[in-house]
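Taken in order, these protein sequences are the chains called A and B. FYI, the UniProt record's numbering numbers position 121 of the first sequence as 121, with every residue one higher than the one before it. FYI, the UniProt record's numbering numbers position 47 of the second sequence as 47, with every residue one higher than the one before it.
Calculated directly from the structure, the hints in this document are not laboratory data. Keep in mind it's a predicted model, so treat the numbers as computed, not measured. Do not take every clue at face value.
[What the hints assert, rightly or not] Coverage of chain B stretches by chain A, computed from C-beta distances (three or more under 8 angstroms per stretch; other residues unrestricted):
| hint | region |
| --- | --- |
| 1 | 114-123 |
| 2 | 133-146 |
[What the hints assert, rightly or not] Some chain A residues judged to face chain B by a derived CB distance under 8 angstroms, without partners named:
| hint | residue |
| --- | --- |
| 3 | Y126 |
| 4 | F168 |
| 5 | L185 |
| 6 | T224 |
| 7 | F228 |
| 8 | P332 |
| 9 | G359 |
Virtual Cβ for every residue (Gly too), placed ideally from N, Cα, C.
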Amino acid sequence: MTPTALRNGPPRRAVLVGGIGVRSAFGAGLAALTDGVLAGRPAFTPVERFGTAGYRADRAATGPGSPRLADQLVAVLAEAGALSDPTEQQLPDRREELMLALHGDRRAGPVAAEVADRTGLHPRVYTGACVAASTAVADAAALIATGRRERVLVAAGYLVEPDTFAVFDAGRALAQDGAVRPFSLGRQGMLLGDAAVAVVLESAAALHRRGGRALARIAGWARTGDAFHVCRPHPAGTGLARAVHGALARAGAAPEAIGYVNANGAGSKLGDLAEAAALHTVFPAGTPPVSSTKSVHGHALEASALLELAATVGALRAGSLPVNAGWQTPDPNCPLDLVLDRPRPAAPGLALSINAAFGGANTALLVAPA
Amino acid sequence: MTAPTSVPAPVPAPVPAPVAAPASAPVADPAPSAPPVPDVGPVAVPRLSAGPLRVLARARWPERPADELPAIAGFVESAFSPLVAETAERCLRAHHGPPPATGAPRTALLLASPSGDTGTADALARATANGQRVAPLLFFQSNPNAVLGHLAARWQLDGPVVALGPGFDDERELHERAALLIEDGDAEQVLVVTAVQGPPDHATAVLLAP
Chain A
1 MTPTALRNGP
11 PRRAVLVGGI
21 GVRSAFGAGL
31 AALTDGVLAG
41 RPAFTPVERF
51 GTAGYRADRA
61 ATGPGSPRLA
71 DQLVAVLAEA
81 GALSDPTEQQ
91 LPDRREELML
101 ALHGDRRAGP
111 VAAEVADRTG
121 LHPRVYTGAC
131 VAASTAVADA
141 AALIATGRRE
151 RVLVAAGYLV
161 EPDTFAVFDA
171 GRALAQDGAV
181 RPFSLGRQGM
191 LLGDAAVAVV
201 LESAAALHRR
211 GGRALARIAG
221 WARTGDAFHV
231 CRPHPAGTGL
241 ARAVHGALAR
251 AGAAPEAIGY
261 VNANGAGSKL
271 GDLAEAAALH
281 TVFPAGTPPV
291 SSTKSVHGHA
301 LEASALLELA
311 ATVGALRAGS
321 LPVNAGWQTP
331 DPNCPLDLVL
341 DRPRPAAPGL
351 ALSINAAFGG
361 ANTALLVAPA
Chain B
1 MTAPTSVPAP
11 VPAPVPAPVA
21 APASAPVADP
31 APSAPPVPDV
41 GPVAVPRLSA
51 GPLRVLARAR
61 WPERPADELP
71 AIAGFVESAF
81 SPLVAETAER
91 CLRAHHGPPP
101 ATGAPRTALL
111 LASPSGDTGT
121 ADALARATAN
131 GQRVAPLLFF
141 QSNPNAVLGH
151 LAARWQLDGP
161 VVALGPGFDD
171 ERELHERAAL
181 LIEDGDAEQV
191 LVVTAVQGPP
201 DHATAVLLAP
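Chain B extracted, bound-state conformation:
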């Protein structure tokens, strides 16, 4: 699913110039001599896991009474995306300083939220139940990937973008999923964010590495 061209898409501010490889850059060396269907026997030496992941930085929201969530351009009606973004920002700033995280190891963004963006869901349900026009911006924030895209662009983090819901009920299970992304080779670090929209809203973020 990608944005149509005819509706102004939200643009997180600021969005730094992407540093991902341009189209002309080689993504990988082709191996023309490789067999069409590979032998799936033991062909590589396993890389050993170094055990539990290290915590590079932590953050939470709220941190104090009357803690406030900054708004994000293009996100409306619901505090869910600001909650995720602010908590992630605090964690990433603690480790990287201000964005972008230029030169950071490939970092996955993993968001776990058992009930998702209830503010957006409620706004949408109200509009459809009352026969009202649905705000177009709700389309963009109608799934949890959107705020992860905001974070990925702002911080220039191009690892996997993963959103999880019910069933990942404790920190250990989330760390296992993070470790799987790292050991599987798609990420070198993982930012794990948990977010629950209340009241009261609360969220945590932790940056993990082997």
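Next comes chain A alone, as it looks inside the complex:
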């Protein structure tokens, strides 16, 4: 470690998003994802990839067929520009590091090994459930902001498959009515969704040297814990609110600087309540526009935070805020300024992408327009 790190202060160097590659239920590419979330059209269909007879739920947001995760990850890394030689190798004697968020079981090792073989990268796998990818982004941003790295590659992948579908169904986490309804009365839970996403994060100098153009800037980040329960969030959202304030501190910004919140919003009863409480703590006078794009692309588990970061970047670049689909009836305990019915023009400012996971893990990422 170099002795130049900041503690919780504004980054010394800008952390830029230099490329994004995406595969989601909306198809290939950031444009397809952006079009899908801005259309507000949920991508949930009956699962054909495997049998769902005997389960409570039968829908997910999947792409066609049964793609291989390693193939999808290599494709999005190429699409993001991660496989082109950087102008300056930070580690000339070592393979370039890839922070890779995957479900933490035996399959992670072989997938990471295949990605390594086909790309020449050195994957380091993050397995922390729904904050795996955003934790990787935070680590990557810290490495760039402190000058340790010129660029860091982050990727994440989850494809809907029988084992996780079965265990989420057994846990009664999946919505039986086939829709994800974040922050709405009557919400029944989440639905799973495919995602493979790669993001190239780099310094301004690295981006300039290769003649690239930034898609966005990671202005702030933070990771916190609730210290509350195995799997339930703190009902007051204290850890999540602390993550948002930590990200704001790093960005040198006040809550009023946030113009959009891409919420975790999985559609779970307790999770949405805790998140609404956290947002009320951060924005006591009322929130900026809020939506959960999980309502259309589903919950991609370890890849969810990177998919939502990509959707947030896409929305900022389009100047339009996606709707919170599936919403039916106000929940008085979720007093948020939800984007409903149709996309809303994006106001100038930062976008906040927040995620929460089992174990009381929370992350906040602040995204600025390029």
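Model the placement of chain B on the given structure of chain A, informed by the hints.
Okay, now just chain B, sitting in the frame of chain A:
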């Protein structure tokens, strides 16, 4: 991902009353005059790292032949979570005494396991392959964050909760990740646990500070 309300969630015993700030407590002072998009130039004086992290306490499992893992309420089928919990407990007790670690510096929990909870994965795979009902409790322990949540609640440690898999193959790399969490400001100490489910099962834990 959070627990649905309709299934009894495992409750680690004992879970002390949380000491985290209540909702009404200020989390940070807002700065209304801050610009909407900040200048990202050099605006702060770097805080120097003090070099390698200090080891405040260490533990391992097994410590001796016939060492045993206490069960944890709500965790079933697999020894992975008990393995992580017991090894972490030994390390934290060596430094803090019995839980909770009231007043401890903000502590991150970082778990590294190359193949994760193979016992839970195998139980799940068996059930789906045979068309059997999947035990609902497997949902809660189906990712490594769950046991970290158990530790965080029991010890009242509210730093980052991080789980890592393959690719972090030596202690130096894990210490670098721990140092990054500290230097980045999200934690003041880091409990690093490594766990491999065998046979034989083995795990280590180390509490690190600047």
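Verification of the hints:
With a cut-off of 8 angstroms between beta carbons, the region 114-123 of chain B has 6 residues touching chain A; three or more are needed, and the interface restraint holds. Figure legend: the region 133-146 of chain B, annotated as covered by chain A; annotation consistent (12 residues with Cβ-Cβ distances under 8 angstroms, at least 3 required). At a threshold of 8 angstroms, the smallest CB-CB gap from Y126 (chain A) to chain B is about 6 angstroms, leaving the interface hint in force. Annotation: interface hint on F168 (chain A) holds; nearest CB of chain B at approximately 6 angstroms, less than 8 angstroms.
The interface hint given for L185 (chain A) is broken, as the beta carbon of that residue sits about 14 angstroms from the closest beta carbon of chain B, more than 8 angstroms. The interface hint given for T224 (chain A) holds, since its Cβ lies 6 angstroms from the closest Cβ of chain B, which is under the 8 angstroms cut-off. With a least beta-carbon distance of about 5 angstroms to chain B, the hint placing F228 (chain A) at the interface is held under the 8 angstroms criterion. Violation of the interface hint for P332 (chain A) is found here, the shortest Cβ-Cβ separation to chain B being roughly 16 angstroms, above the 8 angstroms cut-off.
Interface restraint check for G359 (chain A): the shortest CB-CB distance to chain B comes to about 3 angstroms, inside 8 angstroms, so the restraint holds.
Checked against the numbered hints above, the structure breaks hints 5 and 8 and satisfies the rest.
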